[in-house]
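Peer 1: The lines below spell out each chain.
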Amino acid sequence: MASYSSYKQIVSERIVDGSIPSSAVQAGTFSNWCVKWVRGNPGNRTEGCCCNWSVPTGVTRITFDIWGAGGNGHGQCNCNRCGNWHAAGGGFYNTKTISTTAGCSYSVCAGGVYRCCSRECTGCHGCSSYVNGYNLSNFCALGGTRGCYTNDWNDTCYTQMQRCCVQPGAWGGDFAMGNHDGASYRAGGWNCHCFYNHKATPTGAPFIGTLGVAYGTRQCWNRCGCWTVPYGHGGQGAITSYCGSSCCGQGGTGGGGLVKITYV
Amino acid sequence: MASYSSYKKINGDQLADNSLSATSFSGSPNETYGVKWFYGTNCRCSPGCCCNWQIPTNVENMWIQAWGAGGNGTGACSCNRCQHYQAAQGGYYNTKMIETKAGCSYSVCAAGVYPCLSRECYGCVGCSSYVNGYNLSNFCAIGGCRGNANPSWSTACSGAMCCCRAPGNNGGDFGIGNHTSAWSSSRHDTYRGWCHCYHYGHSPTSAPLIGTTAYQSIRNCWIRCGCWIVPYGHGGLNAMTTYCGSSCCGQGGTGGGGLVKITYF
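Heads up: the protein sequence lines correspond to chains Z and W, in order. Under our numbering, the first residue of the first sequence carries the number 1, and numbering increases by one thereafter. Under our numbering, the first residue of the second sequence carries the number 1001, and numbering increases by one thereafter.
None of these hints come from the bench; they were simulated from the model. The structure displayed is predicted, hence computed values, not measured ones. Don't take each hint at face value.
Each computed DSSO-like pair below joins lysine-lysine, with the alpha-carbon atoms no more than 30 Å apart [claimed, not checked]:
{"id": "1", "chain 1": "W", "residue 1": "Lys1009", "chain 2": "Z", "residue 2": "Lys36"}
{"id": "2", "chain 1": "Z", "residue 1": "Lys36", "chain 2": "W", "residue 2": "Lys1036"}
{"id": "3", "chain 1": "W", "residue 1": "Lys1261", "chain 2": "W", "residue 2": "Lys1009"}
What the simulated footprint calls covered on chain Z by chain W, stretch by stretch (three residues with Cβ under 8 Å from a Cβ of chain W suffice, anywhere in the stretch; the number is not a length) [claimed, not checked]:
{"id": "4", "region": "94 to 106"}
{"id": "5", "region": "126 to 135"}
Glycine is no exception: its CB is placed at the ideal position from the N, C-alpha and C atoms.
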């Protein structure tokens, strides 16, 4: 039975179409659109960033775009002949759009990197970025493939989706994709005096699109993978154009992962 | 003449300023927001994905982004001297923002690739991605240019726009393409004639705003096919050889499939 208070209430059919002026609506009522970035510091050996994020008032829809961290570069580990190396790969990309409710809480983690600057022939894979919470299930983006160093001159130099050929829809997302691992270059020369060891190119992450990270030497005892690389990008390796050196060159770490949250 | 029901109606100007806030509404006016991706499987001979898509209730705006498929790689077609190789180009990008109405129907096609693994001195051009429907006219993103091979050592080693699209072409608000890759350079032993070459490398290019990488090189090798799947929109890998007079059977790889992303509101 209708009460007095329910009788007083106004339903939308009782409002003349198109008659409500903008002055009747509080500022900001419809403008809750926003973008939030979650990321670690951009430096070498970044630890990434994990946090808890609550959905603001009035927000009902979210798009998550996430990128895994790049793989770490290889160490300079040659022994008795010229080396042949494969550069590290960029992190994978994944995205998901969901309905949500104000006040919902999400665990958000932008992947860091393994804090190893490898002296070994292989680096470390990049760490995954992920988001957990309401209407999400196993949603993540894998880290990029590590770099590696080999003395095998029979290795062909090419790039491929070495670690994981992801299909769109994998890992709890609407659309995911990866990049090829890093490119390699085989040196000129023979046995222990190599030259033109250029140019290995770690790859970037899809939809970030950083290009141009490379490393190489012409004649150099030891060249570490020293430089910080962009978010999601594969790290630089350590290289030499000789062998029998002290094998102390360290590869660099990949770029940290990213999470972008667009909400309305 | 006013009826009882019309008499009962409230005119909005009777509402006091700032009397309505987000809590006055049963749902957020923004809850129609969504993102939809269209793509084929990520494989070497992807057929792409074409379908009919209907606008959800209360949606009035669409932002369409499309990427064409990457071009296919060339075959290793060496004949009587060292070859030059030019890798394939990534697919083009096009975008359009339009008004629409709930229930409108759009034909959406994320391009596949020609399932030809070329043995010839050229591959196939990538296929176009497109969207057709209300408030759109000839909207598409064309595929990337094919890879090529030739024995001309005077070919300049440079990347280029094989098909220069101005922003606003192909029915969009803004379109852009990438360069094709540079022609590879190589070294050769003159004392053994023109048939002993070494150090080839090529890098097919990516689609704009995706920004992926693929690469292949050989030093001394009879035949190397362009075997590997490349990312969406990326140009395919070439087949190569550092010799000539071989059986010429190296097959180039296909480009990456096209993509369509629709953000609606």
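Peer 1: Please work out if lysine 36 of chain Z and lysine 1036 of chain W have their alpha carbons no farther apart than 30 Å.
Peer 2: 21 Å, holds
Peer 1: Check whether three or more residues of the region 94 to 106 of chain Z sit with their beta carbon closer than 8 Å to a beta carbon of chain W.
Peer 2: holds (count 3)
Peer 1: Given the hint that lysine 1009 of chain W pairs with lysine 36 of chain Z, test it: the Cα-Cα distance must not exceed 30 Å.
Peer 2: Between lysine 1009 of chain W and lysine 36 of chain Z the Cα gap is close to 42 Å, so the pair fails against 30 Å, i.e. violated.
Peer 1: Counting residues of the region 126 to 135 of chain Z with a beta carbon closer than 8 Å to any beta carbon of chain W, are there 3 or more?
Peer 2: Since 0 is below three, the answer is violated.
Peer 1: What's the verdict on lysine 1261 of chain W and lysine 1009 of chain W, does the C-alpha distance respect the 30 Å limit or exceed it?
Peer 2: With a Cα-Cα distance of about 43 Å, the restraint between lysine 1261 of chain W and lysine 1009 of chain W is violated, given a limit of 30 Å.
The structure is inconsistent with the numbered hints 1, 3 and 5, although it conforms to all the rest.
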